[in-house]
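Colleague: Chain by chain, the residues run as shown.
Protein chains: 2
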Amino acid sequence: MYGVGVGPGDPKMMTILAKEILESASILLAPTISMESSGRAEEVVRAILPNREIERIVFQMTRGTSGQTLRESSAKAAARELFERCAPDEDVAFVTLGDPSLYSTFYPLARAVSQLDNGVEISMVPGIPAFTYLACRVNMDLLDNSERLYVVAVVQDEDLDRLCDLLADRQATVVIYKCGRRFGKVREALAKTDRLSQALVGEQLGTQIERIVEASLVSEDYLSYFATVISPAIRSDFG
Amino acid sequence: MYGVGVGPGDPKMMTILAKEILESASILLAPTISMESSGRAEEVVRAILPNREIERIVFQMTRGTSGQTLRESSAKAAARELFERCAPDEDVAFVTLGDPSLYSTFYPLARAVSQLDNGVEISMVPGIPAFTYLACRVNMDLLDNSERLYVVAVVQDEDLDRLCDLLADRQATVVIYKCGRRFGKVREALAKTDRLSQALVGEQLGTQIERIVEASLVSEDYLSYFATVISPAIRSDFG
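Line by line, the protein sequences are chains Y and X. UniProt numbering applies: residue 1 is where the first sequence begins, and numbers increase by one. UniProt numbering applies: residue 1 is where the second sequence begins, and numbers increase by one.
The reader is advised that the hints may include incorrect statements.
[To be verified] Restricting the straight-line Cα-Cα distance to at most 20 Å, the calculated cross-link-like pairs of lysine to aspartate or glutamate (EDC-like) are:
id, chain 1, residue 1, chain 2, residue 2
1, Y, Lys185, X, Glu121
2, Y, Lys12, Y, Glu23
3, X, Lys185, X, Asp144
4, X, Lys185, X, Asp161
5, Y, Lys12, X, Glu20
6, Y, Lys192, Y, Asp159
7, X, Lys192, X, Asp159
8, Y, Lys185, Y, Asp157
9, X, Lys19, Y, Glu23
10, Y, Lys76, Y, Glu23
11, Y, Lys19, X, Glu23
12, X, Lys19, Y, Glu20
13, Y, Lys19, X, Glu20
14, X, Lys12, Y, Glu20
15, Y, Lys12, Y, Glu36
16, X, Lys192, X, Glu210
17, Y, Lys185, Y, Asp159
18, X, Lys185, X, Asp157
19, Y, Lys76, Y, Glu53
20, X, Lys192, X, Asp221
21, X, Lys185, X, Asp165
22, X, Lys192, X, Asp165
23, X, Lys192, X, Glu158
24, Y, Lys192, Y, Asp161
25, Y, Lys76, X, Asp144
26, Y, Lys185, Y, Glu220
27, X, Lys185, Y, Glu147
28, X, Lys12, Y, Asp159
29, Y, Lys12, X, Asp144
30, Y, Lys12, Y, Glu210
[As the list claims (entries may be wrong)] Label-pair distances were calculated between CB atoms; the ranges are:
id, chain 1, residue 1, chain 2, residue 2, range
31, X, Ser224, Y, Glu90, 32 to 42 Å
32, X, Asp117, Y, Glu81, 49 to 59 Å
33, Y, Pro88, X, Arg235, 21 to 31 Å
34, Y, Ser123, X, Val120, 36 to 46 Å
35, Y, Asp117, X, Arg235, 14 to 24 Å
36, Y, Glu210, X, Glu36, 38 to 48 Å
37, Y, Asp89, X, Ser224, 37 to 47 Å
38, Y, Cys164, X, Arg235, 22 to 32 Å
39, X, Gln171, Y, Asp117, 22 to 32 Å
40, Y, Leu217, X, Ser34, 28 to 38 Å
These are calculated hints, taken from the structure and not from any lab test. Keep in mind it's a predicted model, so treat the numbers as computed, not measured. C-beta atoms are modelled at their ideal positions from N, C-alpha and C, and glycine is treated no differently.
If we strip away everything but chain Y, and leave its shape as in the complex, we get:
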């Protein structure tokens, strides 16, 4: 079973290997929150392989303290469904946004599949992560010399305290994922640490409705789930 990262949303961000696997797999599965609507990963595949048959598998993507449990049980249900639908020896590819090793929907599924049948061979195919895509879109250097990069998720209020600690490291670029529902608090944290004016927000990256904007100009307190925030390291020599 392949877990194929398709990148943030722009179909051309798919790797050559990812495309080959999506073409050759006998069954292609895409996660969705309901059978009636397509997920974003499915949209990416459709744009590059319009005639490919794609099956949907319902997957609860909610995270957080209680979300984690929900996600685990959802992954287990999806794994059982996968075993019912696919004959053994079938070449199954499961598509996931971004990269399968970074906050992906694939990993909990792969774990649940291994628990049901540990003979299934799992293979993860890397994808362009949303944060490097966003950095490249605006010609931003995330890391140089001995600078550091922190990638954090803000899924609960406790994560905000740690975020402030990390933002205090001026030589670090901080990438914030999953902060959509707490964007107002994140903006406060950026302001408190003097980082608001340089921070960026990206939403719907790689799609037709992509929005990339300075964090200081975003007045909403809630953003979409897939919003990505970058607060660049503070540099004296260039901007």
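Knowing the structure of chain Y, use the given hints to seat chain X on it.
Modeller: Chain X alone, transformed into the frame defined by chain Y:
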């Protein structure tokens, strides 16, 4: 001018967009440490586009306290060379390993080019970073729920102190770049923070001579420049 990330070394890790740009650019430049030998980025392009003409541009990649200055002056020299060689309006693509926003050779060059002629349009094309490639190769989940990811470089001894602080955060996955010459010290830091047994080392990723091995089994104190180390977050529920 395009800065095209070609991924860690496996030609199939190139994105569809990267391949298109490498095919269509009128001049393709690859960095090398000497005109007589090919750099790794050039090798990746050759594997996927064997008939493509690739020009070499000498680039000093050494970093660190003094390396930084050397790198800046090397970037300036490369930028001047680029202006001498390329006619204006030429469609130039410069290839770089991994992703252009992460410790890449492209960024200092782009900055130097902008300083010589700020009318040059710069465009960065994302590439698969070495660390997510390494994670995917071993089916490792780098980040889940509210875990954190720290990407750090160890170019000087002072970086080792901070590394220990970061390793102390048990819910963080720590990726270590550029620690080749100080691997012995990094191994000590991993051992001191009880993380040595789970840490991984990857070298020559994506190439024929790729080596992926547990850090505890690596006895050398010096590794190659492009070695990547991953110390996964400490989890209780699964391995």
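Colleague: Evaluate each hint against the coordinates.
Modeller: Verification of the supplied hints:
Distance restraint check for lysine 185/Y and glutamate 121/X: the Cα-Cα separation of roughly 36 Å exceeds the 20 Å cut-off, and the hinted pair is therefore not satisfied. In summary, the hint linking lysine 12/Y to glutamate 23/Y is supported, as the alpha carbons are separated by about 15 Å, within the 20 Å threshold. With a C-alpha separation of about 29 Å, the suggested pairing of lysine 185/X with aspartate 144/X is violated against the 20 Å cut-off. Using a Cα cut-off of 20 Å, the hinted pair lysine 185/X and aspartate 161/X holds, with the two alpha carbons roughly 10 Å apart.
Pair hint lysine 12/Y plus glutamate 20/X holds up; C-alpha atoms about 9 Å apart against a cutoff of 20 Å. Taken as a hint, the lysine 192/Y and aspartate 159/Y pair is honoured in the structure, with Cα atoms around 16 Å apart against an allowance of 20 Å. Note on lysine 192/X and aspartate 159/X: the hinted pairing holds, with a Cα-Cα distance of about 16 Å set against a maximum of 20 Å. Proximity of lysine 185/Y to aspartate 157/Y is assessed by CA-CA distance (about 9 Å); at most 20 Å being required, the pair is judged to hold.
The hinted pair formed by lysine 19/X and glutamate 23/Y meets the criterion: a straight-line CA distance of about 18 Å does not exceed 20 Å. Restraint check for lysine 76/Y and glutamate 23/Y: not satisfied, since their Cα atoms lie roughly 27 Å apart, outside the 20 Å limit. Distance check on the hinted pair: lysine 19/Y and glutamate 23/X sit about 18 Å apart at the alpha-carbon level, within 20 Å; holds. Of the supplied pair hints, the one linking lysine 19/X and glutamate 20/Y holds, its CA atoms being roughly 14 Å apart against a limit of 20 Å.
The suggested pairing of lysine 19/Y with glutamate 20/X holds, with an alpha-carbon distance near 14 Å, which does not exceed 20 Å. For the hint pairing lysine 12/X with glutamate 20/Y, the CA-to-CA distance comes to about 9 Å; that is within 20 Å, so the pair holds. For the suggested pair lysine 12/Y and glutamate 36/Y, the alpha carbons sit about 26 Å apart, so the restraint of at most 20 Å is broken. The suggested pairing of lysine 192/X with glutamate 210/X is violated, with an alpha-carbon distance near 28 Å, which exceeds 20 Å.
Simply put, lysine 185/Y and aspartate 159/Y have alpha-carbon atoms about 11 Å apart, close enough for the 20 Å limit, and the pair holds. Distance check on the hinted pair: lysine 185/X and aspartate 157/X sit about 9 Å apart at the alpha-carbon level, within 20 Å; holds. At most 20 Å may separate the alpha-carbon atoms for a hinted pair to count; lysine 76/Y and glutamate 53/Y exceed this at roughly 24 Å. Under the criterion of a C-alpha separation no larger than 20 Å, the hint pairing lysine 192/X with aspartate 221/X is consistent with the structure, at around 16 Å.
Pair hint lysine 185/X plus aspartate 165/X holds up; C-alpha atoms about 14 Å apart against a cutoff of 20 Å. Distance restraint check for lysine 192/X and aspartate 165/X: the Cα-Cα separation of roughly 11 Å lies within the 20 Å cut-off, and the hinted pair is therefore satisfied. Proximity of lysine 192/X to glutamate 158/X is assessed by CA-CA distance (about 17 Å); at most 20 Å being required, the pair is judged to hold. Restraint check: the Cα-Cα separation between lysine 192/Y and aspartate 161/Y comes to about 12 Å, which is no more than 20 Å; the hinted pair holds.
A distance of roughly 16 Å separates the Cα atoms of lysine 76/Y and aspartate 144/X; the hinted pair therefore holds under the 20 Å criterion. For the proposed pair lysine 185/Y and glutamate 220/Y, the alpha carbon gap of about 11 Å is at most 20 Å, so the pair holds. With a CA separation close to 19 Å, the supplied pair lysine 185/X and glutamate 147/Y stays within the 20 Å bound. Between lysine 12/X and aspartate 159/Y the alpha-carbon distance is near 37 Å, which puts this suggested pair outside the 20 Å criterion.
For the proposed pair lysine 12/Y and aspartate 144/X, the alpha carbon gap of about 26 Å is over 20 Å, so the pair is violated. Between lysine 12/Y and glutamate 210/Y the alpha-carbon distance is near 15 Å, which keeps this suggested pair within the 20 Å criterion. At about 40 Å, the beta-carbon gap between serine 224/X and glutamate 90/Y stays in the expected band of 32 to 42 Å. Between aspartate 117/X and glutamate 81/Y the beta carbon distance is about 57 Å. The supplied range of 49 to 59 Å therefore holds.
Checked against the hint of 21 to 31 Å, the pair proline 88/Y and arginine 235/X passes, with Cβ atoms roughly 30 Å apart. Evaluation of the 36 to 46 Å hint for serine 123/Y and valine 120/X yields a pass: the beta carbon distance comes to about 41 Å. Here the CB-CB span from aspartate 117/Y to arginine 235/X is close to 22 Å, well matched to the stated 14 to 24 Å. In this structure, glutamate 210/Y and glutamate 36/X meet the distance hint of 38 to 48 Å, their C-beta atoms being roughly 44 Å apart.
Here the CB-CB span from aspartate 89/Y to serine 224/X is close to 40 Å, well matched to the stated 37 to 47 Å. The hinted window of 22 to 32 Å between cysteine 164/Y and arginine 235/X holds, with their beta carbons roughly 25 Å apart. In this structure the supplied range 22 to 32 Å holds for glutamine 171/X paired with aspartate 117/Y, their Cβ-Cβ distance being about 30 Å. For leucine 217/Y paired with serine 34/X, a C-beta distance near 47 Å fails the hint of 28 to 38 Å.
The structure is inconsistent with the numbered hints 1, 3, 10, 15, 16, 19, 28, 29 and 40, although it conforms to all the rest.
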